[in-house]
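Visitor: When the letters of the sequence shown are read in order and numbered with the numbering used here, they come out as residues 24 to 241.
Where hints are given, some of them may not hold.
Calculated pairs, EDC-like style, for lysine to aspartate or glutamate (alpha carbon to alpha carbon, straight line, at most 16 Å) [unchecked claim]:
no., residue 1, residue 2
1, Lys183, Glu224
2, Lys195, Asp207
3, Lys183, Glu150
What follows is a set of in silico ranges between Cβ atoms, one per label pair, in the way DEER data are often shown [to be verified]:
no., residue 1, residue 2, range
4, Arg87, Ala125, 39 to 45 Å
5, Pro51, Pro201, 29 to 35 Å
6, Arg87, Arg34, 16 to 22 Å
7, Ala239, Gly66, 36 to 42 Å
8, Ala50, Pro29, 22 to 28 Å
9, Ala35, Gly217, 33 to 39 Å
10, Ala197, Glu46, 32 to 38 Å
Hints in this document: simulated from the structure, not taken from any laboratory. Note that beta-carbon positions come from the ideal geometry of N, C-alpha and C, so glycine has one too.
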Amino acid sequence: MTRPPPISRSRAARDALAAVIIEAFEAPASTAPLEDLTAVLVGDGVVLAPERAARLTPFVSLVRGGEGGALLPACDVEHGPLVQRLRCARTALTTAHVHPRALPGALGIAAVLLAAGLFFEVHEVLEREWRTLAGARRRCHQGLIQIAVGLHHLAHRNPKSAVRLFATAREKLAPLGPSYAQVDIAGLLAGCEGWERVASEGLEWPDTLPLPVLRAAT
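Starting from the given sequences, assemble the full structure and let the hints guide the process.
Guide: This is the structure we're talking about:
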């Protein structure tokens with residue numbers, strides 16, 4: 024796939040956006056903040072009702088108030104990456120509705136986010152569940168997270184960290200067998216091989232190489 028959308032340099036905005044995206048996947052009726060933030064960042068002054076404007080509080084460093092209750096982007100440098108990730112997330116939501124997720128819960132959401140190149144959001148949605156797990160299930164989630172973070176590092180031109188993360192992910196996932204906890208482990212690791220080579224050789228992001236696919240075992 025083409026290089027994934029950039030991530031905001033503001034940690035607060037990055038984390039808040041991930042929460043908004045994940046909420047939209049977990050509860051399709053909760054897409055209002057996603058739509059409102061998109062409208063604010065791409066529009067030339069958007070008027071929101073007070074209760075809807077309040078949902079954008081986590082983005083106060085990037086969104087400012089305007090006359091008559093209008094909301095405007097505060098910083099072109101920072102809101103550009105947010106807009107790209109918002110558009111990517113909205114496309115992924117549409118795809119998810121057309122192609123129902125085969126994996127349950129957090130794994131299913133992570134599968135769609137991974138395919139969309141939203142690697143940080145994969146980390147966020149799986150880490151919440153990882154904290155509650157133990158044993159092999161915990162190692163499985165950790166391996167999946169490490170693949171996503173490895174791809175994130177590779178997309179941000181940090182191949183050395185990607186090499187390390189891909190290797191530790193393989194160490195955790197391979198012993199679980201060809202499938203585990205409904206996940207096609209063998210297929211996922213096979214899909215990682217090309218990315219491991221790219222990272223180990225320090226190459227640029229390859230637009231034509233398909234991403235590893237997180238899918239249900241057959």
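Visitor: Taking the hints in turn, state whether each one holds.
Guide: Here is how each hint holds up against the structure:
Of the supplied pair hints, the one linking Lys183 and Glu224 holds, its CA atoms being roughly 9 Å apart against a limit of 16 Å. Pair hint Lys195 plus Asp207 holds up; C-alpha atoms about 14 Å apart against a cutoff of 16 Å. For the suggested pair Lys183 and Glu150, the alpha carbons sit about 23 Å apart, so the restraint of at most 16 Å is broken. The beta-carbon spacing between Arg87 and Ala125, approximately 43 Å, falls within the hinted interval of 39 to 45 Å.
Here the CB-CB span from Pro51 to Pro201 is close to 33 Å, well matched to the stated 29 to 35 Å. Taking the beta carbon of each, Arg87 and Arg34 are about 19 Å apart, inside 16 to 22 Å as hinted. Taking 36 to 42 Å as the suggested C-beta distance range, the pair Ala239 and Gly66 conforms, at roughly 39 Å. Taking 22 to 28 Å as the suggested C-beta distance range, the pair Ala50 and Pro29 conforms, at roughly 27 Å.
Between Ala35 and Gly217 the C-beta distance comes to about 35 Å, which sits within the given range of 33 to 39 Å. Between Ala197 and Glu46 the Cβ separation comes to about 33 Å, which falls inside the hinted range of 32 to 38 Å.
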